[in-house]
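Participant: First to last, the sequence lines map onto chains A and B.
Heads up: the first sequence at position 24 corresponds to 24 in my numbering, and the numbers run straight through without jumps.
Heads up, my numbering is the position in the second sequence plus 75, with the first residue counted as 1.
Keep in mind the hints are simulated off the structure, nothing from the lab.
From the three backbone atoms N, C-alpha and C, an ideal C-beta is built for every residue, glycine too.
Accuracy of the hints is not assured; some may be wrong.
Okay, the calculated beta carbon distance ranges per label pair [stated by the list, open to error]:
{"no.": "1", "chain 1": "B", "residue 1": "D244", "chain 2": "A", "residue 2": "A61", "range": "27 to 37 Å"}
{"no.": "2", "chain 1": "B", "residue 1": "G290", "chain 2": "A", "residue 2": "G17", "range": "40 to 50 Å"}
{"no.": "3", "chain 1": "B", "residue 1": "S119", "chain 2": "A", "residue 2": "G19", "range": "51 to 61 Å"}
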Amino acid sequence: MHITVKCYATLQRFQPGGGEDFALDEGGTVRDVVLRLGIAPEDVAVIFVNGLHAPLDRALADGDRLGLFPAVGGG
Amino acid sequence: MDSSVMLRPLLEQAAIPGTLPDGTPVRMLAHGAVGDVARRAGASLRRTEIAALEQGLVPERYLRNFTTLDAAGQARLLRARVALVGLGGLGGHILEGLARMGFGRIRVADHDVFEPTNLNRQLLATEADCGTPKADAAVRRMALVNPAVELDAWRDRLEGQDFARFYADADVAIDALGGVAFRPAAEAGAAAAGVPLIAASVAGWTAMVATALPGERGLAGMFFPHGRAASPPAEDVLGCQPPALLVAAGLALSEAVRLALGQPPRLGGPGGRMAVVDLAAVSLDRLSLRG
Numbered sequence: 001m002h003i004t005v006k007c008y009a010t011l012q013r014f015q016p017g018g019g020e021d022f023a024l025d026e027g028g029t030v031r032d033v034v035l036r037l038g039i040a041p042e043d044v045a046v047i048f049v050n051g052l053h054a055p056l057d058r059a060l061a062d063g064d065r066l067g068l069f070p071a072v073g074g075g
Numbered sequence: 076m077d078s079s080v081m082l083r084p085l086l087e088q089a090a091i092p093g094t095l096p097d098g099t100p101v102r103m104l105a106h107g108a109v110g111d112v113a114r115r116a117g118a119s120l121r122r123t124e125i126a127a128l129e130q131g132l133v134p135e136r137y138l139r140n141f142t143t144l145d146a147a148g149q150a151r152l153l154r155a156r157v158a159l160v161g162l163g164g165l166g167g168h169i170l171e172g173l174a175r176m177g178f179g180r181i182r183v184a185d186h187d188v189f190e191p192t193n194l195n196r197q198l199l200a201t202e203a204d205c206g207t208p209k210a211d212a213a214v215r216r217m218a219l220v221n222p223a224v225e226l227d228a229w230r231d232r233l234e235g236q237d238f239a240r241f242y243a244d245a246d247v248a249i250d251a252l253g254g255v256a257f258r259p260a261a262e263a264g265a266a267a268a269g270v271p272l273i274a275a276s277v278a279g280w281t282a283m284v285a286t287a288l289p290g291e292r293g294l295a296g297m298f299f300p301h302g303r304a305a306s307p308p309a310e311d312v313l314g315c316q317p318p319a320l321l322v323a324a325g326l327a328l329s330e331a332v333r334l335a336l337g338q339p340p341r342l343g344g345p346g347g348r349m350a351v352v353d354l355a356a357v358s359l360d361r362l363s364l365r366g
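Make the full structure from the sequences, and use the hints.
Facilitator: Right under this line is the structure:
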């Protein structure tokens, strides 16, 4: 299956080239994606799947849109 | 005599015909006339502008707010109370926008003084102001930009319960703090005061703004519920620069106008979602803080 991945702010350096069409095994979770991208799970502050807050162990489905955020609090 | 009774005929006398850029005729008050009328009636500039708008007269300084605003909407902004914590990169630009839009009563808080590292982005920071309090600069800026604004500047460091006191009686609360430490307390304080909170934050090319209605989870509750991040927050790595700050300030200002006009929020609440703009990719995402 394929999902869309977007990494924000400091996590942007882990953004995969094919982020619009990221291949993932059936039953793969957010944690699987995070580890495959080389991101330390503790560096991910907030996860969104299809625009809704999701936990690290969320199983993903074909066509899901995954957003990974670090903490952002600057002004 | 009550100043409001004296205002009406003085305003009528001072009214002149004007036109909007599209040719629509309006009755307006020339810029200097507001101050003259206010002095003669013994009324404040803000009250004088409200009275003028209620008579259908547009003070010249607000002419280009029309017809995005109408006279009733402009008067409503002049009556609104906004409380803004933080006068740094976000806060300076937001305060400037509030004053120019014509928000009439603005409470601000910042305990800090300007330092040279603020000069890359903070509207209120100038070479001459380094080492001086940010709240003092806000007072000077409002006098220069829109003296009708009644500014209540707090110079204390707000912590814990202070935020509920600071946001009390406001129509709109804004969190423009820098860093994560005090944002959860600001969110809790706005909720305790029963005031909707618009929170903005930036790092590098990323800008995010969310509104939390009282009792809802906001930006702080989602991103750093304990006032600290598990790893260094993104702004400590990427810094903060004007492009993302100005986008965040614009998003926060548009939401503040909606709330002050009594319209539903678009960046939170039942029908809204937070906005995240990534200026590196030039993308806009709308994300829900519910659930």
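Participant: All the hints need checking, so say for each whether the structure fits it.
Facilitator: Here is how each hint holds up against the structure:
{"no.": "1", "hint": "D244/B - A61/A: 27 to 37 Å", "result": "47 Å, violated"}
{"no.": "2", "hint": "G290/B - G17/A: 40 to 50 Å", "result": "42 Å, holds"}
{"no.": "3", "hint": "S119/B - G19/A: 51 to 61 Å", "result": "55 Å, holds"}
Violated hint: 1 only; the structure is consistent with all others.
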